[in-house]
Amino acid sequence: MGRDGKNKRVLLAVILLFAVSVFVGAPMVGMQSLSIHSVLHPAAAGLDADIFWKIRVPRVCIAFLAGAALAVSGMAFQAVFRNPLATPFTLGVASGASLGAAVYMRLGLAVGLFGVSGMSMFAFGGAALSIVLVYGLTRIKSGFSIGTMLLAGVALNFFFSSAILFIQYMSDFTDSTRILRWTMGGLEIMGYESVLNMAPFVASGAAIILFLTHELNLLMTGEELAISRGANVGGIKKVLFFATSLMVGGVVSICGPIGFVGMMVPHICRLLIGADHRYLTPATLLFGGAFLTLCDMLARTLIAPAEMPVGIITALLGGPFFIWLLLGKSSSKMGMME
Amino acid sequence: MNKVVIDIESFSFGIGGKEILKDVSLTVHEGDYASIVGPNGAGKTTLLKCLSRIHKGGRGTIAVAGKKLEKYSQKELALKVGYVPQADGRHAPFTVREFVLMGRYPYLGPFSPPGPSDTAAVREAMAVTGTLQFSERFLGTLSGGERQKVYIAAALAQQAQVLLLDEPTTFLDPRHASDIYRLLAGINRERGVTIISVTHDINSAVLTSRTILALKAGAVAYCGPAEEFMKEDILQGVYEKPFSLMRHPRYGRTIVAPEVP
Chain A
1 MGRDGKNKRV LLAVILLFAV SVFVGAPMVG MQSLSIHSVL HPAAAGLDAD IFWKIRVPRV
61 CIAFLAGAAL AVSGMAFQAV FRNPLATPFT LGVASGASLG AAVYMRLGLA VGLFGVSGMS
121 MFAFGGAALS IVLVYGLTRI KSGFSIGTML LAGVALNFFF SSAILFIQYM SDFTDSTRIL
181 RWTMGGLEIM GYESVLNMAP FVASGAAIIL FLTHELNLLM TGEELAISRG ANVGGIKKVL
241 FFATSLMVGG VVSICGPIGF VGMMVPHICR LLIGADHRYL TPATLLFGGA FLTLCDMLAR
301 TLIAPAEMPV GIITALLGGP FFIWLLLGKS SSKMGMME
Chain B
1001 MNKVVIDIES FSFGIGGKEI LKDVSLTVHE GDYASIVGPN GAGKTTLLKC LSRIHKGGRG
1061 TIAVAGKKLE KYSQKELALK VGYVPQADGR HAPFTVREFV LMGRYPYLGP FSPPGPSDTA
1121 AVREAMAVTG TLQFSERFLG TLSGGERQKV YIAAALAQQA QVLLLDEPTT FLDPRHASDI
1181 YRLLAGINRE RGVTIISVTH DINSAVLTSR TILALKAGAV AYCGPAEEFM KEDILQGVYE
1241 KPFSLMRHPR YGRTIVAPEV P
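Those protein sequence lines, which keep their order, are chains A and B. Sequence positions in the first sequence follow the numbering used here and run 1 to 338. Sequence positions in the second sequence follow the numbering used here and run 1001 to 1261.
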């Protein structure tokens, strides 16, 4: 409304501009410097064009989609659990999805349904299972505290990690290495096939969440108040859990677990644009995409000619951020923790 | 007599096998101002939560504006009944105006931005409660009295016929408490909003409300005009302790005299 709403729309436009420039600029950056001319020339067929179109562009697409999905999932969890530390990673949802994917790899299945990869569906199943578990655990004790929630997440993380180790142990050398490399979280060597695999999961999940911005606002004020304002809280939470499982499953099955994006991005966006989800949701999607794309740019250039998994970069940034949130003044918690 | 707006008929409700409300019957008329009193754990808050369908289920019937509670969608019910919860010390990171605007939820569709009628309702609710002056402040920065006014503003923006309040003055100093009572009386008198308020303050309940409902161990111990509640035997029956009564020096009504423990 009024001036406030106008300011937020301007801010959103700035974030959009930022995200677009990161998305367009990122493929140009890398250990092999490319010339714009040789890449965009209509008859481009040289090595430069190959690196650009076949390696970097799909990789940037994946990074952007994954970043947007993980960030907006974190944002949704934070509203439902009323806690800034609730993320796909801390709640054990990402490791649940990993377990699903690991089971799929171990079974050596190659099933798919309507063109959707079986691995993504297994990861989705794992993510959904862990949300149900962690939510159930926090519900056993009435009025779940931040402690209960984090402990439930830690417990699930331990459990799923051990289950993945067990699967690895029972696997032959090839499968085992494949699972290990994949659990490190990374965006290496991926083609458009991976982009097409992930896009429907991310797009449908994000669309659902964009549809529920009023409801996310209400959930943040507390469930009872949300019900009294006319929100069908039970149904809304189920839909939100479904949407976040889709996104986390879709991302994890391709990139492995990448941590902390879902915590840092929504928080930064909340500081920038406020907590109103009508503005926060698009901001988080855009900024999340740009953020992971930038992290990945660092991952592939910092120790060139080698590169490191992007999960290492996000964890190096995210660890201190997590502690800052945990110990920070009430202002940094934005009143979401008691 | 005005129309019946809330009609509870032999309603019982339990959580986890423990029966909290037992065979409660009660009618509230349009424009009434009712206070619910009773000892801790008598089921007062539970009754409010059943009325706003935060708690679902239970035996017996509750009807709101002549229609059974379970026949309402949650949004339809929100158009009839607003709720102001007990202060729990947790604040979502919203500004006052963002928060009051959420009272318009039952009027908004997905994606639809708030329209002129929403903006007007929000502005008016904030004007009535005297909260316009801190509309850009964050909820977490408000004092207890300011917070309570903002919560009432949000419920007013909802434009429901019935307003349920759970201990609206418990943590407030005498000045802010009387601010809230004056505000509620004004809303009741000028807008005809029916008010049902849970409180432990017997004197304020008697001085502000027309009807008193006393609950004891989940059952109705008294339901009737406020003045007639102030009898030693009735009070002792509800609270299981003796009371000394006296006459209010200015209003002439019977009130409970403070005592030395």
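Please keep in mind that the hints were generated in silico from the structure rather than gathered at the bench. All values derive from a computational prediction rather than experimental measurement. We put the beta carbon where it would ideally sit given N, CA and C, even for glycine. Do not rely on the hints blindly, as some may be mistaken.
Cut-off 30 Å, straight-line C-alpha distance, at most; resulting in silico cross-link-like pairs (BS3-like, lysine-lysine) [to be verified]: (1) B:Lys1241 to A:Lys237; (2) B:Lys1068 to A:Lys238; (3) A:Lys237 to B:Lys1075.
Examples of chain A residues lying across from chain B (beta carbon under 7 Å, computed) [stated by the list, open to error]: (4) Asn7; (5) Glu193; (6) Ser204; (7) Ile208; (8) Phe211; (9) Asn217; (10) Leu218; (11) Met220; (12) Thr221; (13) Glu224; (14) Ile227; (15) Arg229; (16) Gly230.
Now the hints, each set against the structure:
Simply put, lysine 1241 (chain B) and lysine 237 (chain A) have alpha-carbon atoms about 46 Å apart, too far for the 30 Å limit, and the pair is violated. This hinted pair checks out: lysine 1068 (chain B) and lysine 238 (chain A) have alpha carbons roughly 26 Å apart, not beyond 30 Å. Restraint check for lysine 237 (chain A) and lysine 1075 (chain B): satisfied, since their Cα atoms lie roughly 16 Å apart, inside the 30 Å limit. About 11 Å separates the beta-carbon of asparagine 7 (chain A) from the nearest beta-carbon of chain B, more than 7 Å, and the hint is not met.
A cut of 7 Å between beta carbons decides the hint on glutamate 193 (chain A): the least distance to chain B is about 33 Å, and the hint is violated. Contact between serine 204 (chain A) and chain B, as hinted, is not supported at the beta carbon level, the nearest pair being about 16 Å apart and thus beyond 7 Å. Against a cut-off of 7 Å between C-beta atoms, the interface hint on isoleucine 208 (chain A) is violated, since the closest Cβ of chain B lies about 11 Å away. About 5 Å separates the beta-carbon of phenylalanine 211 (chain A) from the nearest beta-carbon of chain B, less than 7 Å, and the hint is met.
Satisfaction of the interface hint for asparagine 217 (chain A) is found here, the shortest Cβ-Cβ separation to chain B being roughly 6 Å, below the 7 Å cut-off. With 7 Å as the threshold, the beta carbon of leucine 218 (chain A) comes within range of chain B, its nearest partner Cβ sitting at about 6 Å, so the hint holds. Using the Cβ-Cβ criterion of 7 Å, the hint placing methionine 220 (chain A) at the interface with chain B is satisfied: the shortest such distance is roughly 4 Å. Given hint, threonine 221 (chain A) at the interface with chain B, holds; its Cβ is 5 Å from that chain's nearest Cβ, closer than 7 Å.
For the restraint placing glutamate 224 (chain A) at the interface with chain B, the shortest Cβ-Cβ distance is roughly 5 Å, inside the 7 Å limit, so the hint holds. The interface hint given for isoleucine 227 (chain A) holds, since its Cβ lies 5 Å from the closest Cβ of chain B, which is under the 7 Å cut-off. Of the supplied interface hints, the one on arginine 229 (chain A) holds, with its beta-carbon coming within about 4 Å of a beta-carbon of chain B, less than 7 Å. For glycine 230 (chain A), the shortest C-beta to C-beta distance to chain B is roughly 3 Å, which falls under 7 Å, so the interface hint holds.
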